[in-house]
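Engineer: This is what each chain is made of:
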Amino acid sequence: MDKNQQIQLLLKHAFFQGLSPTEMKALFSAGDIRAYSQGQVLFHQDEPSNGLIFVMSGIFHVHLEGRELPLATVKAGEVIGEVGLLGRSKRSATVSAQTEAFVWHLSLEVFEGLIKRGDTLVDGLLKGMGDDLCRRFREGVYEAASIMGELAPKTAARLTEEDLEEKLP
Amino acid sequence: MTPTELIQHADVLGLLEEEDLLPLASMLEPLTLNRGQVLIREGKRAPGTFLIVNGEVQIEKMLPGDTQRVLMSPVKTGEWIGIVSLLDGQEATASVVATSEGQALALNRANFEALRKNNNALSLRFGRTVLACLAQQLTRVNQSVSGLRSALEQR
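Read top to bottom, the protein sequences are chains A and B.
With our numbering applied, the first sequence covers 1 to 169.
With our numbering applied, the second sequence covers 1001 to 1155.
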């Protein structure tokens, strides 16, 4: 896959929808391509976040430290690490390559440098990330409410107004 | 808590710079919370985003085709809420109601938009802060959905 194809792949992701092709090219150049072999760990749970990762090719498993069963599988065209990038927080899980893989990595240092400069690239990136997070948040809340509706009245979280009144001081 | 002390709480995740607080203070409104006060009403556009500094706030959601309300999750103090409706301009997914006296900081929609349009380091740092809060909230929603799916399968 050449550089233009890599940029085109990034442009398909929701996070980068707020960027023009020219801006995407500039952001792409601010990151770097990294190769992983099968079994290699991308990062460990509880490590400080060092950036955002976009999977160019290959498959990664997300799992809690010490547990075999993966929480999720991440494949080409998907992103890992947005929570850590935004919040400068620790990694919530370990991610390891299940096949040979290539990723594009935007380091936390570069991201924060762009913010400090007031660079419009970050404005476009934050817009795309915001749109995608909002969409996923709404979907999650609606699904939670729908399942609660199905489970009710057995769901412990379901509280009537009278229940809430009892909890008040 | 004085307005100066209150404004320090705007940097909930430590992602802002000291120089950001003064210009932010001119845009944020200190708010006294009263028990029963509705900050955000489900089905209406959120009037702004709120940072709960102290006091208790809960999130209530209507079930589909139902009149009963559900406690989605407790709101942690030190977290911006109402971000989704503010960002996408759609109606709020749930209501946010104060259940005790407390203090909050409010950034109304007009000031939020003005801040975004500035497109400077402050607006980017504040934008990053609210998105970081939203990403954490999304993680909790996803955990909740995962637990509920399991409960549904086991039924």
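Please note: incorrect hints may appear among the correct ones.
Within a straight-line C-alpha distance of at most 16 Å, the following computed EDC-like cross-link-like pairs (lysine to aspartate or glutamate) qualify [as the list claims (entries may be wrong)]: (1) K1044/B to E1060/B; (2) K116/A to E1018/B; (3) K12/A to D131/A; (4) K116/A to D1020/B; (5) K1076/B to E1060/B; (6) K3/A to D32/A; (7) K127/A to E1017/B; (8) K127/A to D32/A; (9) K116/A to E1017/B; (10) K3/A to E23/A; (11) K75/A to E100/A; (12) K90/A to E47/A; (13) K1117/B to D119/A; (14) K116/A to E1060/B; (15) K127/A to E1019/B; (16) K12/A to E143/A.
Partial selection, computed: residues in chain B whose CB lies under 8 Å from chain A [stated by the list, open to error]: (17) L1016; (18) V1038; (19) V1084; (20) N1111; (21) L1115; (22) L1124; (23) G1127; (24) R1128; (25) A1135; (26) Q1137; (27) L1152; (28) Q1154.
No wet-lab data here; the hints were simulated from the structure.
Even glycine gets a Cβ: it sits at the ideal position worked out from N, Cα and C.
Engineer: Could you tell me which of the numbered hints above are not met by this structure, giving the numbers in increasing order?
Structural biologist: 7, 8, 14, 15, 16, 17, 18, 20, 21 and 28
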